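Peer 1: Protein chains in written order, with this note's numbering: chain A, 20 to 135; chain B, 1027 to 1140; chain C, -12 to 512.
Be a bit skeptical, because a hint or two may be false.
Claimed, not checked - Restricting the straight-line Cα-Cα distance to at most 16 angstroms, the calculated cross-link-like pairs of lysine to aspartate or glutamate (EDC-like) are:
| # | chain 1 | residue 1 | chain 2 | residue 2 |
| --- | --- | --- | --- | --- |
| 1 | A | K87 | C | D297 |
| 2 | C | K156 | B | D1131 |
| 3 | A | K81 | C | E456 |
What the hints contain is simulated information worked out from the structure, not anything from laboratory work. Since this is a predicted model, take the numbers as computed values, not measurements.
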Amino acid sequence: MIETFLQTFDTGNGFWNPLIWIIAFVVIFLIVVILRGFGNKTYKKNTGQTKAFLSGNQEYEKNQMHVKASNLYWGWIESMKWVIDGLKKMHTGNVSDYVFWFVVVMGILLLFVGLM
Amino acid sequence: MIANIPYLAVVGLIVIGLSAVLFRKNIIKMIIGITLIEAGVNLFLITLGYREGSIAPIWTSSPGGVMAYPVPQALTLTSIVIGVAVTALMLSLAIHIYRHHGTLDVRKIGGDDQ
Amino acid sequence: MSFLDQLIIHGPALLIALPLLGAFLTPLIGRVNDKLRNLFVIIILGITAILILLLAQEIFASGPITYVFGSTAPYVGKETVIRILFEIDALSIFMAMIGIILSFAAAIYSWAFMEKNTGLDKYYALLLLLTVGMLGMVLTGDMFNFFVFLEITSISSCALIAYYVNKAKSVEAGFKYIVVSTIGALFVLMAIALLYGQYDALNIAKLADSITFSFVDKIALVLLLAALAMKGGIVPMHMWLPDAYSRAPASVSLVLIGTTQAGLYGVFRVLFTLYGNVIELPTISMGWILVILGLLTMLVGVIMAMIQVDFKRLIAYGAVAELGYMFLGVGTCLTVLANPEVTLAQAPFAFEALKGGLFHVFNDALDVGLLFMVAGAVYYATKQTSLNSLGGLARNMKYTTVFFIIGLLAVSGVPPMNGFASKLLIYESTYQLNPILSIVAILASIMLLAIFVKVFHAAFLGPALPQFEKVKEVPKSMLIAMGIIAAFIVLFGLFPDLIVNTIVDPAANALIDNTGYLQWLTGGA
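The shape of chain A in the complex, shown without the other chains:
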């Protein structure tokens, strides 16, 4: 009985039952909420307790505090610079280049299929 209930989505090499996952998620969520309930519930509003804490640094105006999208993942983009520059050079806006790649792929496929 438990076997047929568990094996709902059979991939041929294993199985995955989303309902078991949801039950596990709910259990863990309840544990987290109970642990959170052991904390301190009182705080004074509108004093220094509710301001953001930035390790003692000063908070600038909101627009400067938000990390912009082009600065995220800077490290990964810097380390893959050779791949990214090559790809950016490939992606010109020129429609002749789009058709050029089509002809190249067709040529390569013709070579493969013709030599069979």
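Fit chains B and C to the known structure of chain A by using the hints.
Peer 2: Showing chains B and C alone in chain A's frame:
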């Protein structure tokens, strides 16, 4: 050999049209290149239906004899109509591009995104 | 016969005729009242959806349906003649379900999203024409008919992409799309002419019956594969896809996903059904070509997506990466099918891979569609498209944020959403072909998660910026459309076995074994 001339013309038209799309910088010349490719494919479709010494496939008061196949002619008519619509659409878009950019050079209208 | 039986018999023709009639009546009704026209479009698409569900029930019960336009049977006496034939089998109705869900959501979404624009009569007429083209491409059983519907789709979508004619970028994107699309379609026509010249048949079933793998057939296969893969956005021919998806209105991007996947349907139909009888000749396996193209698509898609700053362009590159998964899954199956030494029973992972690839077609359409609708909602509320100028929107737009989280989890394959179910199938089956395929697929999934978390932080998290103080939640019709797609995503994620056994399994069976497609041939001739 003479029977193969239409097929050679088809290959020639398609190659010339494709090279016009690939190597020309003016948008209007690229549209003319696409029209050439269409002409080549239509010629190929029509040539498929021809039989040696045949007459037009019309039954009314026909002088008898072998008739050319009518099905490729129907396919070619459909393709010509589609080609006209697409050419009209491309030309109207070219007019809009000229109004916005002032140039018809395909390298300059590429846009500055990656 | 009852009304329902008549409806099912004439169903294929009604599926094309009803939206087409609606497309031509829409400008007339638009002269009377605007809201009436919007309601009319939604009702027409709703009736088409109900028809598709009825036909789906019939097909899953008793095999493919054929419908001949203008006659009773596609044969005269003992000969099969050239007649326009619609042949709907399980794969066709699967793709039609995807298409109609996307179109229906787009029509509801456009009620509020496009309200302030002019020229909306033409917009709704073109939207219905695009639906007609997409449904025609997947329902037809005739190669030249496929070409005609392919051209209808590309002309309508070009006009819709260039909808904002006052902006230079939209017009450029429309021009690039129509040039690339026309060249692809002309090469498809060339391949159809080659096949017609050899076998005097335009019917897919008749061609599949009489095809031999001569040299001209090989050229036709390569032309069809390259041109339809270009329509389907496979690297390195994918470059029109980010331009077209990012500069079209958001509801149009939604339906464009459906047309891109109809192009992929063309690849599968040609490879598995048209060349199905000869694919086992000792050849370099076509499957490996598909697998390598799929890997390339995934990698280039995620790497290019990482560096974008425009919201919709980033989602478009993510869509390119997702297309690679479909090719990977289907290509894995083709490597086993085309190998004459291994039968399908000895390698059961191939069938699982095919099911994973086809299920992923449906999931990808829903996930990326939801993300495009969220991008449109953010644009509607803040009039900004660049991610560098957004921030802190989760405080103002709560429902949109929840929908974005659902889309983020679904696209990157996190349980319990539907993306995880189809990606699990693909991971587990491609691992058995070659472990590297599975590793690259998991890597691409992780990078998709990274990319969309970047978008989530840049647009929704962060402090409340002063310029977005007055931003309100988007109107209800957009929320309803997003809610419909999100409900499908969660439903597919919670009950994947139901969906796979009911919808995907018959489609995969119809692809592997093309005798069901050919069975009407022996009926008369």
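Peer 1: Each hint: holds or not?
Peer 2: Consistency of the hints with the structure:
A threshold of 16 angstroms between alpha carbons decides the hint, and for K87/A with D297/C the separation of about 12 angstroms falls inside it, so the pair holds. Distance restraint check for K156/C and D1131/B: the Cα-Cα separation of roughly 15 angstroms lies within the 16 angstroms cut-off, and the hinted pair is therefore satisfied. Note on K81/A and E456/C: the hinted pairing holds, with a Cα-Cα distance of about 12 angstroms set against a maximum of 16 angstroms.
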